[in-house]
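Undergrad: Line by line, the protein sequences are chains B and L.
According to the UniProt record's numbering, the first sequence is numbered sequentially starting from 1.
According to the UniProt record's numbering, the second sequence is numbered sequentially starting from 1.
Calculated directly from the structure, the hints in this document are not laboratory data.
Quick reminder that beta carbons are idealized off the backbone N, C-alpha and C, glycines included.
Treat each hint with caution, since some may be false.
[Said to hold, decoys possible] Here are some, though not all, of the chain B residues that point toward chain L, as calculated from beta-carbon distances under 10 Å:
1) I62
2) F194
3) T246
[Claimed, not checked] Stretch-level coverage of chain B by chain L, calculated; a stretch enters the list once three of its residues show a Cβ under 8 Å from a Cβ in chain L:
4) 20-26
5) 89-95
6) 98-111
7) 137-148
8) 195-207
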Amino acid sequence: MSNLDHGKFTRVTTLFHSLLGLDVFLLFFTGYAIMFNDELWWMLTLMGGASGVTAIHRITGIGLVALVIFWITLQVISSTGRSNFSKVLPAKDDVDAFIQDIQFVLGRADERHPSARQFGGYKADEVPLLSYIGKGVVFIFSIELTLLAISGLLIWSKTGLAAMFQTKAAAMAFVTFHGLLGVIMLMGVMFHIFEHGMHPAFYPVETKAFIPRSMVPEHHGDDDEEPDTTGIERLSLSPSWRTVSTIFGAMTVIGIVSVLIGSIFDEGYPVPRELAIGGGPASILLTIGINLGMVVLGVGLVLSMYGNVLRIRWEQQLERDERPAAADGGEPQTDGGQPEADDAESEH
Amino acid sequence: MTNTEDLPEVSGYSRVSVLISAVVGLAVAALALFWAQGFRIGYESLYRVNPSVEGGGIGSDWVFGNTIPALDFLIALIHAADVILGAFILVMVFIHWAAFQRLADQMREPGEDVNEAVAADGGSPARGDEQGGDSA
Ligand code: HEM
Ligand code: HEM
């Protein structure tokens, strides 16, 4: 998950990212329909009940195994992949970027750190391959997906599990473990969707992960023109941004808090001595909250598809035009813009 | 793609390495499937999902009790990790939310004259695509 040449994905990476996203969203929907069946009963029914969801979860689970192994292999055997390893390691800049982000929020810094890298925080050439968030995302998601794949395979068959663990209860504990492990991923992806969907300059979706870098024209302008700014002040805000980002931000927070509480609730924190999974009291608020979380994931899925629609349009536009109309105004590193996002709605 | 003039040179992944990786990925997945199936399926009625059952439901056979302390510990550990990372993720959401507000303040307001700014750059397609509320 690391080949972002100057903050851009290669073609293979964009495809991988979309497929991984699709697969993980399906795993989320099915896995948490099981775990939060009190709150997400309708999803469970929609996907064919108990046998339906567990079947879909297994099929997509095998898909995830294939995707993860594909990516690991690719990173190891290709020189592009190998050359990226060092760029994923945490560095002092990442800590600085985190601190500067806090200062930026408090108004004590005027820009975000280059290692925070999203638009509005850097100028050309200053930008590392991965932002500090990006590194965190790569680490957390990689570890999570690997552990989930392994534990998922282990719980594949209940008979096998029971044989492995002697008692049925112990076997079920392992299933619980698998589900709780996924909660981190679940919360992380909600944040990821917010981060890449609600950035004011990229809203409604940051195309970086969808339009391969090989298709984004480079800036040939004169660098003296705007030496001191990131150029963000030249963009205009979308009219709906304030409303939508506020609603979506709130939904993200509620979603994260709810699945977190749900995971504790369904189980008993701190140290669970006795598990009562799914047997907990069903609270209306929690039910609403967890469902809002699922809406956040749904929006993520739509945005991911929309990103691919934009890519297709972008390709068509590149073919049509001699010079792409959207060759960007002054910021080679920013995302390439969206080719006439005219009838966005009709496409999803 | 016909227009290559402005496009950067990108050293991506070679076709061969992609192909090899794909084959390895699929092979491992197939092996994994084979191995997992080896546990014998057709025995899925183990009280896992039963939401419609009164007083039943997921994990209700916990009454049998878990006899492996290490598993208890694992679960306690993962709970703690969930909570700690969850809190951290929330902090990140709030930082970004606030940072986005500040960035938005630096941008032009929707009505302002955009003509002199060179278009695009991901700057809004003038209309925001109402994606906030509804899922697919
Ligand atoms: C389950 C679904 C997803 C997974 C597992 C996933 C995973 C990743 C990973 C590991 C990275 C690289 C690290 C980083 O730069 O943050 C990444 C980058 C990115 N993702 Fe996702 N992603 C998912 C869904 C989405 C969705 C729905 C969107 C769009 C709203 C999205 C947009 C992006 C963007 C724009 C980047 C590039 C970030 C950058 O380079 O600054 N992702 N994703
Ligand atoms: C993003 C990745 C994944 C997430 C978020 C996830 C999540 C979940 C959740 C929440 C449950 C329900 C746990 C409970 O009832 O407490 C579950 C069950 C399960 N998962 Fe996953 N999982 C993931 C990946 C995988 C993979 C890769 C596999 C297999 C290769 C897998 C196989 C299973 C199986 C077999 C079950 C048990 C279903 C049943 O009760 O019959 N999962 N998963």
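Undergrad: Hint check: is the beta carbon of B:I62 less than 10 Å from a beta carbon of chain L?
TA: It holds, given that the least Cβ distance between B:I62 and chain L is near 5 Å, below 10 Å.
Undergrad: Counting residues of the stretch 89-95 of chain B that have a beta-carbon nearer than 8 Å to any beta-carbon of chain L, does the count reach 3?
TA: Per the Cβ count (0), the hint is violated.
Undergrad: Examine the stretch 195-207 of chain B: at least three residues should have C-beta closer than 8 Å to a C-beta of chain L.
TA: Since three or more residues must qualify, the claim that chain L covers the stretch 195-207 of chain B holds, with 11 doing so at under 8 Å.
Undergrad: For the stretch 98-111 of chain B, do three or more residues have a beta carbon lying closer than 8 Å to a beta carbon of chain L?
TA: Holds, because 5 residues of the stretch 98-111 of chain B bring their Cβ atoms closer than 8 Å to Cβ atoms of chain L.
Undergrad: Holds or violated: is the Cβ of B:F194 closer than 10 Å to a Cβ in chain L?
TA: Hint on B:F194: holds, closest Cβ of chain L at ~6 Å, below 10 Å.
Undergrad: Does the CB of B:T246 sit less than 10 Å away from some CB of chain L?
TA: holds (9 Å)
Undergrad: Can you take a look at whether the stretch 20-26 of chain B is actually covered by chain L? Rule is 3+ residues, C-beta closer than 8 Å.
TA: violated (count 0)
Undergrad: Given that the stretch 137-148 of chain B was listed as covered by chain L, double-check it with a C-beta distance under 8 Å for 3 or more residues.
TA: violated (count 1)
Consistency with the previously given hints fails for numbers 4, 5 and 7, ordered from lowest to highest.
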